[in-house]
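Enquirer: Once you have looked at the hints, place chains B and P on chain D.
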Amino acid sequence: MHRNVKRIVLAAAFLAAGTAATLADELSGEITVWDWNYETETWGKALKQVDAEFLAMHPGVTIKHVAQPHANYYQLWQTANATQSGPDVMQMHAGTFGVLTYPESLEPLNDYITPEMRASIKGWEAVAANFDADGTIYGVPGNFSGWVFYYNKALFAQAGISEAPKTYDELLADCEKLKAAGILPFALGNQDALGTLQYLNILFPGNFNEADSVRLVSGDLKYNGDEFKRVNQHLLDLIDAGYFDPGFSSMLQWTDAVDSFASGESAMIAGIASDTVSYNEFLPSLGDDLGVFYAPADTVSDPYIPDSSGPVWVMTNYSHNKDAAWAYIEFMTGPRGAQIQYEVAGVLPINTAYQLPDDAPEFVKGMVGDFLDHPTFLYVSSLMRQDVVFEWMRLFQDVIAGSLTLDEALNQLQDLQDNPK
Amino acid sequence: MKGMLQRLAGSTVAASLLFLMPALLVLFLFRLVPIEQAFYLSLTSWNGGTDPVWVGLANFERIAGDPVFWRALTNNLLILLFLPLWVLGPLVIAVIIHSGVPGAKFFRLMIFLPAVLSPVVIGAYFNVLLKYKGPLNVFLRSVGLEGFARQWLTDPATVLPTMVLIFIWATLGIGTIIYLAALAQVNAELYEAAELDGANWLQRLRDITVPETWRTIEFWAIFVMVSTFTTVFPYVYTLTRGGPGYSTYLLDYYVYDAAFFGGNFGYASAVGMVLLVLVTGVCGLAFFLLRRRQA
Amino acid sequence: MGGVTFREALGRWWAAWLVLGVLTAMSIYPFVFVLITAFKTKIAYNKDPIGLPAEPTLEYLERALTSGNMLGYLGNSIIVVGAAVLLLLIFASMAGYALSVLRFRGSNLIFMGILALLAVPAAVVMIPLYRTVGQLGLVNTHFGLILTYTALQLPFSIFLMTSYFNGLPREIIEAADMDGATRWQVFRTIALPLSFPALSTMATLNFLWLFNELLFALLIMQDDANRTLPVGLATLQGQNTTPVPLLAAGLLISMVPVLAVFFVAQRELSRGVTAGAIK
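Residue numbers (the working numbering), protein chains in the order written: chain D, 24 to 444; chain B, 138 to 432; chain P, 29 to 307.
Just chain D, same shape as in the assembly:
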């Protein structure tokens, strides 16, 4: 940590003096960087600043930064990858959603990662083969993007609730009180089936500890077994009880549900710590009324916080400029990169080498503290095989609509797990 700080001070000094070009630096050539946030207003600004500072430190390097559409991101990556014409560095989702689905195209990073880096960054299991942080590492966690419940303290108070629920039963009781007070308990948009997935991801650790989570996705526990069914049934019960907006199936989590919660129309929302559906979108309108609570306990008494380790940063194994590519990843995920991302876009640091400034909002400091103190583990839909996840999302929509029973859906899910296409 001390070394990093020194490096930043040095870099800053050179920058200020305008003599960055004289910095002895053997890196050169072009690197191509892909991400899906580059054209967004807040993230994009932060990434552009990261690029600019990186280039100032390494004048021999040029960056070709490609903004990819989020909806087609992995499609583009797979087609590029098929001809090994992918980027040198790219942003990916953690776990099986991204990194761990493509290990044969990614550079193992164990030899690049310094011990300091290793110690200051949390969440390595999200980018490691078999979710084992001691195994082969294919990416570097970018930020804290845990999946959490945000709630509106004012609306809770209005319904006579004084503190956030810690267990599923308390959650259920609070929903009933909210509903009785004429307040819509949850904001949800499920047109693309991603909304319910977020709720399921947060409810899941209440019934699965870390070891059982891995056993489920590796096939030792069954998707049509009682534990997994219980998680699904919980969400179905909440829906059946009328705790969601009746129009949720044609709304979107990222826009409609966010608007609903931010404007105080609903009391809770399943969101992410950084990124979209995050505190960034709620703090301006809700202020001190914004609260957060984590995966409610059910059969597991102290559930882990489901985390996605933010977008993570990876390098392709066919990159022609691995030194520069690694330097970029190191800078992006290092303390200065974390600082830029926090200051410009409010992205929560996962690297403890960067400390939040004293004047950061109490809410933010509290949430980052919770993450550092608590056990965290990859959220379940990034542990599962991705074809099984997509099947789950679709089947769950069918179950909500009543065209399938939960048992039928889970049997079909287990069948796909056993007989991959």
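Read the hints as simulated data drawn from the structure, not as lab findings. Every residue gets a Cβ at the ideal spot worked out from N, C-alpha and C, and that includes glycine. Be aware that one or more of the hints could be misleading.
[Claimed, not checked] Below 20 Å or equal to it, Euclidean Cα-Cα: the simulated SDA-like pairs (lysine to any residue) are:
id	chain 1	residue 1	chain 2	residue 2
1	B	242	P	45
2	P	70	D	308
3	P	75	B	278
4	B	242	P	166
5	D	87	P	166
6	P	75	D	308
7	B	242	P	41
[Stated by the list, open to error] Only part of the chain D face toward chain B is listed, based on derived beta-carbon distances under 7 Å:
id	residue
8	105
9	270
10	273
11	413
12	421
13	424
14	426
15	444
Expert: Just chains B and P, lined up with the frame of chain D:
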């Protein structure tokens, strides 16, 4: 060299081939080779990264027992139930425009207008229009028809018909223009004679218009039928992504989904091959029937 | 018509006007909706998705043009589609001439084979086509997309040209043949000028289709600087947080060029659409 070219150009086959060469070359490289490769991939398991692994007919055996495949095929066939509306709707509109209604030229122009919009634009537009709190439902509620407000694109009961109606709407102008061109060639005396005999509007449609434009109706029906298998992808993609659940999951969307979200390009190619055989079958059958009528 | 009063016309035509009026409204509303919505604020839209904007804003239109880079995408679209349309004009007219006028044993078979390609779903060849383009080293180049587009529209274009040449009177060409002109000369000086209506129709239709193409543009152009308009639009729509007015602004911009073509090339359009359908 020039002399040889000229001599070559002298023989009809060689000359024709010279004229055909550029087109055939492009078609070979960019249309035939990919089909051949898709066939090869359908016999492999391939995740897109490492080399494809030969699996023989395993993908096709898996398809036979794949509930998602059968769901998609069923949806494709359900769409065909709308064929009568799809085929005859534009005909009726063309007849109305053709009947000498004042402003015919203007209406013709306006009804054709959506045909120039891209599926991406159409999909994005209807996606917004048909939201639960979107313009259509807001309008229905404001005029006292709230009973008709629906979750158009997310209720399994309404989503497939809604999507098909959007396809029909998007192709309505093209169909109308085609029928209008056919109607222009029908002998007007036939109608005059029928009118003298006291035939009403519907009888004239049944006894004169339909038989006289039958070739065009056949053409349009085949065109529409093939379209439901080959060109609906962008609509599914922008409107529903096959959802909710599998309610609007169609075969060509399955190819895409199995490849890029299921992660197996081999299996996806196998589904694609089945689709190709199906479409070729439909075309071949239609072609055969037309030939037989002609004979 | 002059002698008929509006009242009389209404009495006779009200039913037809009603049907056609509703259809016209359905055709026009997308344009009206997009035009109105692009100038609304997000909050105003959420409150009232139908009415006129109370306080019109240029914010979203500006964002679509600047950070959305819609003008850059438009430039790429014009380059790629323009070049592909040009190649199609040349290749398809030559091929159509060979298949219709020159004819030879097996030319019918080739014609049917080319037509059969119309029935191949794009989804089937998407992945291998991308591989082919990659193997030729043309991924991320204008040329790669131009050739892909040419191949995509060739079957239809050849079909159109062959049908058109089939309808030309044989005598003209035979007379020129007798004069000792080479086949190429006959094609260039007689057949091509005669086929101007077909060529303009083909150019118009291909322009519209290719201008609207998404799938291959997305796969082949991976560099943001090379992308076309539909991809830009999909990017806008694909961002989870894009507000409706911003999407409307993007839609509005992408509608302008096709609307221009629609009104300028009216005749070519309806001629092209009906080609081959009637006979």
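Enquirer: It remains to establish, for every hint, whether it holds in the given structure.
Expert: Structure-based check of each hint:
no. : hint          : in the structure
1   : B/242 x P/45  : 13 Å, holds
2   : P/70 x D/308  : 15 Å, holds
3   : P/75 x B/278  : 14 Å, holds
4   : B/242 x P/166 : 46 Å, violated
5   : D/87 x P/166  : 18 Å, holds
6   : P/75 x D/308  : 18 Å, holds
7   : B/242 x P/41  : 15 Å, holds
8   : 105           : 5 Å, holds
9   : 270           : 3 Å, holds
10  : 273           : 4 Å, holds
11  : 413           : 5 Å, holds
12  : 421           : 3 Å, holds
13  : 424           : 5 Å, holds
14  : 426           : 6 Å, holds
15  : 444           : 4 Å, holds
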